[in-house]
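A.B. asks: Respectively, the protein sequence lines represent chains R and X.
When the first sequence is numbered by our numbering, its final residue is 787 and no position is left out of the sequence of numbers.
When the second sequence is numbered by our numbering, its final residue is 1288 and no position is left out of the sequence of numbers.
Among the clues, some could well be false.
Said to hold, decoys possible - Derived list of chain R stretches under chain X, where covered just means 3 residues or more per stretch with a C-beta under 8 Å from a C-beta of chain X:
| hint | stretch |
| --- | --- |
| 1 | 45 to 54 |
| 2 | 122 to 133 |
| 3 | 643 to 657 |
No wet-lab data here; the hints were simulated from the structure.
Even glycine gets a Cβ: it sits at the ideal position worked out from N, Cα and C.
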Amino acid sequence: MAASLVLPKLVGQRIKRREDPRLIQGRATYVDDIKVVGMQHLAFVRSDIAHGRILSIDTSAADAMDGVEAVFTGAQIAELLAPMPILTPFPSPDHRAVAVDIVRYVGEPVAVVVTADRYVARDAADAIVVDYEQLPAVVDPEQAMTGTPVVIHADFADNLALPFLPGGTGVAADFTVDDTVVDQAFADAEVVVSQRMVNQRLAPTPIETRGVLAHFEPGKGTMTIWSSTQNPHTLRTFIATMTGLGQDQVRAIAPEVGGAFGAKINIYPEEYVAAALSKRLGLPIKWIEDRSEAFVATTHGRDIIGYVDIAARRDGTVVGLKLRLIADIGAYNMLLTAAIPTLTMQMASATYDIPAIRATLTEVFTNKTPTAAYRGAGRPEATYFVERAMDMLARELEMDPADLRRKNFITPDQFPYTTQMGAVYDSGDYGKALDLALQNAGWADLKKQRDAARAKGRLVGLGLSMYVEVCGVGPSSSFPSGGWEYAQVTIERDGRISATTGASPHGQGNETTFAQMLADQFGVPLEHITIHHGDTGVVKQGIGTFGSRSQAVGGTALHLAGGKVKVKMAKFAAALIEAHEDDLVFEDGMISVKGSPESGKSFADVAKYAYVPVPLPKGLDPGLSEEAFFEPANNTYPFGCHISMLEIDRETGEPTLLRLVAVDDAGHLINPLIVDGQIHGGLAQGIGQAMIEEFRYSEDGQPVTGSFMDYAIPRAADFPRFELDNTVTPTPVNPLGAKGVGEAGTLGSTPCVVAAAVDALSEFGVKHIDMMLRPEKLWRIIHGGQP
Amino acid sequence: MIPTAFDYQRATSLDDALAKLSASNGAGKLIAGGHSLVPLMKLRLSEPTMLIDIARIPDLAGIREQDGTLEIGAGTVHHDVATSPVLRQHCPVVADTAATIGDPQVRNRGTLGGSLAHADPAADYPAVMLALDAEIHLRSSTAARVVLARDFFQNVLTVDLAPDEIITAVRFAPVRAASYAKLYQRASRFAIVGVAAALDVSDGVIRSARIGLTGAVSHAVRLTTVEAALAGCEPTSRACAEAARLAGSDLEDINGDIHASETYRRAMIPVFTRRALDGALARLTVQS
Chain R
1 MAASLVLPKL VGQRIKRRED PRLIQGRATY VDDIKVVGMQ HLAFVRSDIA
51 HGRILSIDTS AADAMDGVEA VFTGAQIAEL LAPMPILTPF PSPDHRAVAV
101 DIVRYVGEPV AVVVTADRYV ARDAADAIVV DYEQLPAVVD PEQAMTGTPV
151 VIHADFADNL ALPFLPGGTG VAADFTVDDT VVDQAFADAE VVVSQRMVNQ
201 RLAPTPIETR GVLAHFEPGK GTMTIWSSTQ NPHTLRTFIA TMTGLGQDQV
251 RAIAPEVGGA FGAKINIYPE EYVAAALSKR LGLPIKWIED RSEAFVATTH
301 GRDIIGYVDI AARRDGTVVG LKLRLIADIG AYNMLLTAAI PTLTMQMASA
351 TYDIPAIRAT LTEVFTNKTP TAAYRGAGRP EATYFVERAM DMLARELEMD
401 PADLRRKNFI TPDQFPYTTQ MGAVYDSGDY GKALDLALQN AGWADLKKQR
451 DAARAKGRLV GLGLSMYVEV CGVGPSSSFP SGGWEYAQVT IERDGRISAT
501 TGASPHGQGN ETTFAQMLAD QFGVPLEHIT IHHGDTGVVK QGIGTFGSRS
551 QAVGGTALHL AGGKVKVKMA KFAAALIEAH EDDLVFEDGM ISVKGSPESG
601 KSFADVAKYA YVPVPLPKGL DPGLSEEAFF EPANNTYPFG CHISMLEIDR
651 ETGEPTLLRL VAVDDAGHLI NPLIVDGQIH GGLAQGIGQA MIEEFRYSED
701 GQPVTGSFMD YAIPRAADFP RFELDNTVTP TPVNPLGAKG VGEAGTLGST
751 PCVVAAAVDA LSEFGVKHID MMLRPEKLWR IIHGGQP
Chain X
1001 MIPTAFDYQR ATSLDDALAK LSASNGAGKL IAGGHSLVPL MKLRLSEPTM
1051 LIDIARIPDL AGIREQDGTL EIGAGTVHHD VATSPVLRQH CPVVADTAAT
1101 IGDPQVRNRG TLGGSLAHAD PAADYPAVML ALDAEIHLRS STAARVVLAR
1151 DFFQNVLTVD LAPDEIITAV RFAPVRAASY AKLYQRASRF AIVGVAAALD
1201 VSDGVIRSAR IGLTGAVSHA VRLTTVEAAL AGCEPTSRAC AEAARLAGSD
1251 LEDINGDIHA SETYRRAMIP VFTRRALDGA LARLTVQS
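So that you can see chain R by itself, here it is in the shape it has in the complex (with noise of 0.2 Å):
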């Protein structure tokens, strides 16, 4: 390596990502693109009513066609498989991953052809013919709790999935609860604002949809899975226990993921029938979701409404806050189903010094499509609630909204701050941010370009939120799977570096901050560097990625790793320099010396002298590998600031958003360029929830937006060009100082473009609009009616 190398210290660096060059030119390998010897194609038979009690299965015309190799109905898969595995500890009735009697939403699987030919097994589904008695359906969460029409799962009363989950000021470890000081606070209030909202579901549509090839090798008994997951690991375990193996047997790779926004956390029915069906058959088997399966059979996100109270005294103060939870979660609890509206909960204080809190939270199966996480999870319905009760509150008091909240900010001084509901806040400043997109925005001469706009008869609106959210998901108390990460570092013989991690990026650009992690720990540089990930036959343990947790935490333990493994080759090369390891410094493709850098020796030298050691220093042994699992002590509490300028046809209704100017605090940011990308793609997604998106069913259950040409998905042409900033708040709960930034964009953005709208229309008197913000729905408001 010549001596003249000088590398740029790259973590901090706005450096394009290494994954774009093969995802932007088609070079990528998605689950589709893998083909194996002797494939077999899993068709599934899809229930076409809400619910229904299965009376027949007619699969004679499908058996006989040519290329059919098994037909199997959904009593067929039960002797194959378990019901379906959950990690959440509530009450949960049984689930097929097929339906036996009883289909309970439009989608739910009924029959299964496995063909050679993809298109054969379509024919061969569409052949089945399932003959139903319908039953009555109910689509409304409210309606749902009255136990009427119908009771979805004999077993769950008024179809109450989790009846009353208490939490916040007075409820005990146990559940009691004393209402005391929270009855207090709102009796000593001079204002209480309250509102029903309700955060509408929507549909994650990644663009590549799911999908899945099992190959189970008979003569070897080991099962290889490939799938379009967030978290192979996970896949691994519940795959190795729904099939009968050792998880020694089961490698579970995650290819090129295209997209998952959380719905690809959960493990389906679809992945354990094509591991049962390729073990029982002995055939590789692939299934493909098509876009029309992906509306209906892949988790929903968010569903819940929510009753807030907000009380407070003349003078802004919040003192009390009640939040009445009620989850719509569909017809079965997924895997994580259950946990999602928690969060909503455990973060009910927002980035608020407030100081009587009751949260509770009753889940409610309907006949639809199961929930589960989506971008945010959880944390964008608490800020949402909050944040428009926060909003409703500072016209109640005629504030500026920004005062209102300035006013109730947890301080500077008291981090860690636990709030109300157990969750401990590790670092802030909100009053930074907030003060930060002000000025960036221009907060006064906006008011006044509003005001001058109004004054023309235009109809603009302002809105500002502020968020906090949970990232760098763990510890393993707070996941019912781990909440480590694991990593490993290899030096090769050549000098280069292999590193694996247990996180399973899929858009997220861990290939790049990564390497730009260990291009600085170790001096060489980026391009000698490969991550590897998604494969637990090369990964040997790992948990995932969500929760924005790969950076702070697979971050974090990829950080100890190279730490560990630089130790041993600074011995090997204090042995080759004849210097003392503690004096040396890892530079520029060098290791020497400090301040001597004609003593180094290559990087390369030193690897290839690791593992031909002659002589072997005393006390070592070859090779330069090393491993670490991270386990943080806690979350960590990203937050920032959000504020909308959006504008409403007034013979229209239609909504045009014009600014919307956002300032971050992740921590310290390992590469701001993919941070910006992160936080674009949680703006699209969090104003699309505003704006455009809403998955919605007829009263009998029948899905209405089941398409692209009824559901809409932001695009870029829908947006104005984001305004970036942000506040560098670290975090003491990893030594990178990182947040995580995955899913922050999604907080923010909803409560402050609708925070816009109703403010754009405060000349007609609203105080609330439930989302999406239709035109229509708009336009009544103008025109005299009702939203």
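Given the structure of chain R, go ahead and fit chain X onto it with the hints provided.
C.D. replies: For chain X alone, kept in the frame of chain R given last:
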């Protein structure tokens, strides 16, 4: 896409396509850009057994000017219409309308002829064809005929086109003072309401107005009441606003769906009629 099985033939010329269509005995389904047909095949709502691909017939695409008349080949993709210098100069409303269709992927594949033949109730082109009083040129293996746009669109997805006929082109006298205004359905970007207005003005008087409406009822229709109200008026914003108030008042069976109720759609017809007329007036001003 996992459709039912079908045979596929690619036509090399119009005559070849007509011969293949005739030989298929009614089984043949024409495909050009596929942006109406393929989504239906994907959902198995359409299960044709024979596709005849007319997307690569050289003479079927293109925009020509002849003796003061404009002709757009039926195989011309929306992007080429949207960016045509000839249309931009002589009849910009057609280019504007094409630019509002779908997204870039759709505009690079979808064709004018395909849109007209499919006649989605919310498609954009039918409105502008009505406003231009366009001729729709059809060919079968044995005959050629011309149908006026106002006679062509008959009902939901129903047009005056025999199974053995192909749309070859549309032809119209260019109108500069014409404009299209559209309320977007935010998922599909089809029109909840779309109005195309074309004005014939001379000596400071609107001699005639033609207004096409899409999205509101089963198929694109002319707003004849508004047209009649405008005839003889001065070309002013006030006159247009006055006439636009009448828009849709005589229409029955207005569409209502999850994106827009009947009430809202009805209310939007006058709004977008006035906007289309204002757009046409603005072009008149530029012209003079």
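A.B. asks: Which numbered hints does this structure break?
C.D. replies: 1
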